[in-house]
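Between the sequences and the hints, there should be enough to build the whole structure, so can you do that?
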Amino acid sequence: MNINNEHLKELENEAIFVMREVAAQFERKVILFSGGKDSIVLVHLAKKAFWPARIPFSLLHIDTGHNFEETLEFRDNLASELGVELLVRYVQDSINKGRVTEEQGVNASRNKAQSVTLLDAIEELKIDVAIGGGRRDEEKARAKERFFSHRNEFGQWDPKNQRPELWNIFNGRKNMGEHFRVFPISNWTELDVWQYIMSESIILPSLYYTHKRKIFRRNDVFLAWAPFMKLKPTEEVFETAVRCRTIGDITCTGVTLSGAQTLEEIVSEIAATRVTERGGRYDDKRSEAAMEDRKREGYF
Amino acid sequence: MKINNNGSQKSLLRFTTAGSVDDGKSTLIGRLLYDSKSIFEDQMEHLEQSSRRLGKEETDLSLLTDGLRAEREQGITIDVAYRYFATPERKFIIADTPGHIQYTRNMVTGASTADLAVILIDARKGVLEQTIRHSFIASLLGIRHIVFCINKMDLVDFSEPVFKDIRNDLARVADKLEIEDPHYIPISAKKGDNVVEPSGNMEWYKGKTFLRFIETVEIKKSRNGVSPRFPVQTVIRPQSSEHHDYRGYAGRVAGGTFRPGDEIVVLPSMLRSSIKSINVYEKYVNEASSGDSVTITLGDQIEAGRGSLFVPPGNMPVNSHEINIMACWFNEIPLRPNGRYIVRNYSCEANCIIKSVNYKMDINTLEKDFTDSSLTMNDIAHITLTTSKPLFFDPYKENHITGSLILVDETTSETVAAGMIT
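Residue numbers (numbering that gives the first Met the number 0), protein chains in the order written: chain R, 0 to 299; chain P, 0 to 421.
The set of hints was computed from the structure by calculation and includes no laboratory data.
A quick note: this is a predicted structure, and the numbers were derived from the prediction, not measured.
Be aware that one or more of the hints could be misleading.
[As the list claims (entries may be wrong)] Some chain R residues flagged as far from chain P (calculated, every beta-carbon gap over 12 angstroms): (1) Ser79; (2) Tyr89; (3) Glu122; (4) Asp136; (5) His210; (6) Ala223; (7) Leu230; (8) Glu238.
[Claimed, not checked] Straight-line alpha carbon distances no greater than 25 angstroms define the calculated DSS-like cross-link-like pairs of lysine-lysine that follow: (9) Lys282(P) x Lys46(R); (10) Lys163(P) x Lys190(P); (11) Lys111(R) x Lys229(R); (12) Lys163(P) x Lys8(R); (13) Lys163(P) x Lys46(R); (14) Lys367(P) x Lys175(P).
[Stated by the list, open to error] Quick list of the computed label-pair ranges, beta carbon to beta carbon: (15) Phe153(R) x Gly206(P): 52 to 60 angstroms; (16) Lys207(P) x Gln103(R): 56 to 64 angstroms; (17) Arg273(R) x Arg258(P): 43 to 51 angstroms.
Every residue, glycine too, gets a C-beta built ideally from N, C-alpha and C.
Right under this line is the structure:
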């Protein structure tokens, strides 16, 4: 193993253990794949956990239609390289079918609508476990999340009534119609993820490295500009050197002004930063319990 | 304090803190996070706003850990929250748990994965019922290192005799509970004395500061014992042309060390074989030790799968269909006497019946009650199970993985109890 950091090795051992528990305890298994670094790390861990066999999970992408183009290309290449099934379900289809109403106005986002598309996909595909890249250090509601997180038949999370999780015994038993979300990298921090990417030489979409992009400023967050986005009269689009610290729906993913060109430079930048990763996520700025509320409804 | 940087060798320490509303637990954690630069600007700004909104005079660091709406509204910690911080020497995972008796199950959960427990004592009050309770849970879960922080020393004039009296009382508790490695540190979490920096107010204390202590305490990696144990999680069969006959047993070593060539016995079938290879991903390794997630292939085509346990021929675990455990009850529905449950011990599952409740612990006084056999949420008791097939296990004292189990309700599928095999 080429990991020289003892704590990364322990986190990897733990995550692989969790992946294998998922493989053993469930039937229809998917990795929720967004094209972001955390889901790419999940795929890498799965590759290591089941070698020389193929990954026993399909990749499920909930597509908001508001993507960075590079991530779609990256997604398709990764799926074909691994030889795994790629499932894509579109928020636009949920809107067309009247399952959700599209938000209007300048702050309109399809972030919340994703939960509906995701839950529909879980029901349609009879998925009993969805593996996600959520980490407890990301957000205060996530800090209370289990590795094996139970969802009732409506796909809802009940944070006050979670199953106890002791030692490394994960109870994935469930009744008909219920499912689990599993978070193998629960105990990783943002810095751990980057150090791991560096030590394992994991390939990431170029968006994570500094590049020139058209951006604008909204409430202290720099957002990437795309043709369909509505601007307020005071907002101005300009081009500058940025990189993405997280990648999600383009309408709510903040970008970082940065000169980091290599993984070493990114790791140093993350180690020195004074703002959290989700500080650049516009979707979390809506209310105190924005994440808890979305998670209750079935969010990732 | 410097922020950790890339490349350095860094170990991982998991610790648990139990505390009640006013004992300064949140302040201590807040200070560790703040001083290690693990609280970010946007989080701090957010904390200040929330504190103001709730009408607090000072920024309340407990709002950082109490993440759920109900917790913030009620001003209490309900569920275990996991927190992370790092220093140049170590990365830390804190399992922050509520200290009130009605959340005993959450304390047990937080303690189950901890290498070290921190127990806070108010210097003005000394050893209380809750101190006994928290110490008992830490010892029950087999946590080797316990740090008693005698807090609020500023409110007793940083008095050495006050500290010494409390330390002597605590030493008696630690002795009774057979705590292996107790430590006593006088601190003021609020003022910062002996938390990160040595205190100028207590020069009579020659020991390490709290942070220095948790940075340097030796982590006994072999807490899962020296007896080699390998529970199989799943079988890897690629069935590809390149790896046509490959049959690998995937699992995480639960004790000792395994090497290619080692003779093993596969339980429960009792068939003997030898280890042909050990893989970590594509790499063939010379050994796998406790904690390593690996894939093992055997020299013979024999029957093994999820729930199997590989052990050396001369070092067998206990084999019985009757198991004695110290159980903590987790569910709102009380234990059903003679009820049927599913028992999970590592990857092995069986049905079981509650044969008897032998005694119940009063965890505030450490008295055993042999007359009361009811078991409701948060109760801790010694019970005997009869399983549908004989299981292979070790005493919890020797191995936390092969010595621990959970009980699952057949109807609700919920985890209703956790047990440590005695």
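Status of the stated non-contact between Glu122(R) and chain P (beta carbon gap over 12 angstroms): Answer for Glu122(R): holds, closest chain P Cβ roughly 19 angstroms.
Hint consistency between Lys163(P) and Lys46(R) [alpha-carbon to alpha-carbon, up to 25 angstroms]: 55 angstroms, violated
Satisfaction of hint between Lys46(R) and Lys282(P), Cα-Cα up to 25 angstroms: Roughly 13 angstroms separates the two Cα atoms, so the pair holds.
Interface exclusion of Ser79(R) relative to chain P, criterion Cβ beyond 12 angstroms: At about 17 angstroms from chain P, Ser79(R) clears the 12 angstroms cut-off, so the statement holds.
12 angstroms Cβ clearance of Glu238(R) from chain P: 26 angstroms, holds
Cβ separation check - Tyr89(R) to all of chain P, threshold 12 angstroms: 32 angstroms, holds
Hinted pair Lys111(R) and Lys229(R), Cα distance within 25 angstroms: Measuring from Cα to Cα gives roughly 18 angstroms; hence the hint holds.
Reported absence of Ala223(R) from the contact zone with chain P (all CB gaps over 12 angstroms): 20 angstroms, holds
Exclusion check [Asp136(R) not at the chain P interface, CB over 12 angstroms]: 5 angstroms, violated
Range agreement (Cβ of Arg258(P) with Cβ of Arg273(R), hint 43 to 51 angstroms): At roughly 47 angstroms between Cβ atoms, Arg258(P) and Arg273(R) fall inside 43 to 51 angstroms, so the hint holds.
Pair hint outcome, Lys367(P) versus Lys175(P) [Cα-Cα no greater than 25 angstroms]: 14 angstroms, holds
Interface exclusion of Leu230(R) relative to chain P, criterion Cβ beyond 12 angstroms: 24 angstroms, holds
Going down the numbered hints, you'll see the structure goes against 4, 12 and 13, while the others check out.
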